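A.B. asks: Sequence:
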Amino acid sequence: MAEPLDDAALDQLFREARTHNAWHDREVTDEQLHAIINLMKMGPTSANCSPARFVFVKSHEAKERLKPHLMGNNRDKTMAAPVCAIIAWDTQFYEYQHKLFPHAPESRDWFTGSEEATFMNGFRNGTLQGGYFIMAARALGLDCGPMSGFDNDGVDREFFPDGRYKSNFLCNIGYGDESVLFPRLPRFEFDEIASII
Numbered sequence: 001m002a003e004p005l006d007d008a009a010l011d012q013l014f015r016e017a018r019t020h021n022a023w024h025d026r027e028v029t030d031e032q033l034h035a036i037i038n039l040m041k042m043g044p045t046s047a048n049c050s051p052a053r054f055v056f057v058k059s060h061e062a063k064e065r066l067k068p069h070l071m072g073n074n075r076d077k078t079m080a081a082p083v084c085a086i087i088a089w090d091t092q093f094y095e096y097q098h099k100l101f102p103h104a105p106e107s108r109d110w111f112t113g114s115e116e117a118t119f120m121n122g123f124r125n126g127t128l129q130g131g132y133f134i135m136a137a138r139a140l141g142l143d144c145g146p147m148s149g150f151d152n153d154g155v156d157r158e159f160f161p162d163g164r165y166k167s168n169f170l171c172n173i174g175y176g177d178e179s180v181l182f183p184r185l186p187r188f189e190f191d192e193i194a195s196i197i
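Position 142, counted from 1, in the sequence shown is what UniProt numbering calls 142; the numbers after and before it change by one each time, with no gaps.
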């Protein structure tokens, strides 16, 4: 039976974790990126469909390709981050159901009944995996700066020219500079957003 995480772990994952906008000049290794994916992929998705796809923009050349599609302040902070992950989803994710849900290969059809069903399941589960991605990175001692504020169509043309993958959001990864963090913004109280019935 699982035991609750201790306070230090909860602080690292949630209570003290912040969205970072400035970064220390410290490398994020390819091994760390593999470790993020290997944790993230264990989170649940509908019928294990796993539609999220990731491109780690790490080299100077790759960042220059991304740069024109970033808006406002997102440009400078992304150029300074060690890595920027493009978190996308595969519009044909259902083609892998025979591998990912082998006991029910007919599960492919669950996602292809309509264009809306394909979109909603792919986008929803890909977004869920994006959340797992953030928590996996934090669990491994990295800081994150997830963001919108970019030209999705431009990113898709540049990085996914065949049109199969669609960008969802971006997430800078590295070691955040805590000296320039903004004050933490308010959060809701339980009774403002939740009920027990």
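To be clear, the hints were calculated from the coordinates, so they are not data collected in a lab.
Bear in mind that the values here come from a model prediction, so they are computed numbers and not experimental data.
Treat the hints with care, as some may be off.
To be verified - In silico lysine-lysine, DSS-like type, Cα no more than 27 Å apart, as pairs:
| hint | residue 1 | residue 2 |
| --- | --- | --- |
| 1 | K63 | K166 |
| 2 | K99 | K58 |
| 3 | K99 | K77 |
| 4 | K63 | K77 |
| 5 | K166 | K58 |
| 6 | K67 | K166 |
| 7 | K67 | K77 |
| 8 | K166 | K77 |
| 9 | K41 | K166 |
| 10 | K63 | K99 |
| 11 | K99 | K166 |
Stated by the list, open to error - Ranges of calculated distance between the beta carbons of each label pair, as one might list FRET restraints:
| hint | residue 1 | residue 2 | range |
| --- | --- | --- | --- |
| 12 | E16 | K41 | 22 to 28 Å |
| 13 | G131 | P183 | 20 to 26 Å |
| 14 | D25 | P105 | 46 to 52 Å |
| 15 | S179 | H60 | 38 to 44 Å |
| 16 | D162 | D25 | 23 to 29 Å |
By construction, the Cβ of each residue, glycine as well, lies at the ideal position given by its N, Cα and C atoms.
A.B. asks: Are any of the numbered hints broken by this structure? If so, which, sorted upward?
C.D. replies: 2, 3, 10, 15, 16
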